[in-house]
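Q: As a plain string of letters, each chain reads:
There are 2 protein chains.
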Amino acid sequence: MKQLVERIREEGENAGGGIVKVDGFLNHQVDTALTQLMGERFVEMFLTKGVHDITKVITAEVSGIPSALITAQLLDVPMIYARKHRSAVMTDDYFAAEAKSRTKGEDVMLMISKKYLSVLDRVLIIDDFLATGSTISALCQAVAESGAIVGGIGCVIEKPSEGGREKLEPLGIPIATLAQVVFDGEELEVGPGR
Amino acid sequence: MKQLVERIREEGENAGGGIVKVDGFLNHQVDTALTQLMGERFVEMFLTKGVHDITKVITAEVSGIPSALITAQLLDVPMIYARKHRSAVMTDDYFAAEAKSRTKGEDVMLMISKKYLSVLDRVLIIDDFLATGSTISALCQAVAESGAIVGGIGCVIEKPSEGGREKLEPLGIPIATLAQVVFDGEELEVGPGR
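Chains A and B are the protein sequences, given in the same order. Per numbering that gives the first Met the number 0, the first sequence starts with residue 0, numbered consecutively. Per numbering that gives the first Met the number 0, the second sequence starts with residue 0, numbered consecutively.
Please note that a few of the clues may not be correct.
For chains that are exact copies, the list does not tell them apart, and a pair is met inside one copy or across any two.
What the hints assert, rightly or not - 27 Å max Cα-Cα, derived BS3-like pairs, lysine-lysine:
| # | residue 1 | residue 2 |
| --- | --- | --- |
| 1 | K1 | K114 |
| 2 | K114 | K166 |
| 3 | K99 | K83 |
| 4 | K114 | K48 |
| 5 | K166 | K83 |
| 6 | K1 | K99 |
Hints in this document: simulated from the structure, not taken from any laboratory. Fair warning: this is a prediction, and the values are worked out from it, not measured in the lab.
Can you build the whole structure from these sequences, using the hints too?
A: Okay, structure coming up:
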């Protein structure tokens, strides 16, 4: 996705430790027009990949919410964000799976209420990054527990050096990413997604 | 807002301790069509209240993000979500203020990068609930630190019994809410916002 690739080239920072910082438009300040284009591009890519009849879009709080919301809106389905932090309101039973988070430095439990997923659902999983695939993998597990089908996986930025795609490919689920980032020493090499 | 009031009447649960649970359409599973209508209603109400020339919409992660994003998109401005959890990527300087969270049972620091707010900004603060006003108040403080102006405050659901509006009114900032919920014993009384 050209507009995203250009934006990462202009503003993306190598924050060290394999982390790309894109706080200016993706995960602190959010560019709403770019998010709309990202949603449109996901829908287009999934159509090309033969993904259809999606009933829900799932993401993990926090950074995946904007792109998941717009994608869900374009598909006219609800969006669910898996919870990472248990609060006093969370009195339901949950489908849950553990993911490793590098940016937070700890493992987190991703929880989706059993009320909102069933064998009748066919979901898209959308997140901001595809790195090791740990978050996406945990979301796939939580969805599988419900008996729902994961129809497709979409991530805004892929870091191919971390092997997330290879980890997820055995699941046989179409994967769409909008841009790829490779670290070349201090520099970021940014290219189109796939 | 009629559609929201009806939805809370149908699905809202009294989770005890003054907490209204609206996980089915607002803060776990998100109804994207309703969120669009909420954004449109905020824009309309702020227009009526004389709020104009907004440059950014601010919320606090997590539950305020969907309605803040759609409102920002309608106004064609960026949306910023204040961070509550420091991660490895958060290497900037931050405007920060502390808020009490009842649902999480602990105080949280709300952080907005100094890169994205300045004296030139005129912001809308959007969140899911107006209860005691603690989160909104902290966001107002963080924005004030930047020299930016808070042009308006919008919350999806107001719980008038908790006095948030009275706490915020001395700031002289227009406040718009889309629905009000009052606890009547075990029952919820739901009415239009103001």
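Q: If a hint holds in the structure, say so; if it does not, say that too.
A: Hint check:
Taking the shortest Cα distances, K1 and K114 sit within 27 Å of each other only across copies (25 Å), while inside one copy they are farther apart (39 Å). For a Cα distance limit of 27 Å, the shortest separation of K114 from K166 qualifies neither inside one copy, at 29 Å, nor across copies, at 36 Å. Taking the shortest Cα distances, K99 and K83 sit within 27 Å of each other both inside one copy (11 Å) and across copies (19 Å). In this assembly of identical chains, the alpha carbons of K114 and K48 never lie at most 27 Å apart, being 29 Å within a copy and 39 Å across copies at closest.
Proximity of K166 and K83 under a CA criterion of 27 Å is satisfied intra-copy only: 22 Å inside one chain copy versus 31 Å between copies. Neither within a single protomer nor between protomers do K1 and K99 lie at most 27 Å apart by alpha-carbon distance, with minima of 30 Å and 42 Å respectively.
Taken one by one, the earlier hints fail for this structure at numbers 2, 4 and 6, listed in ascending order.
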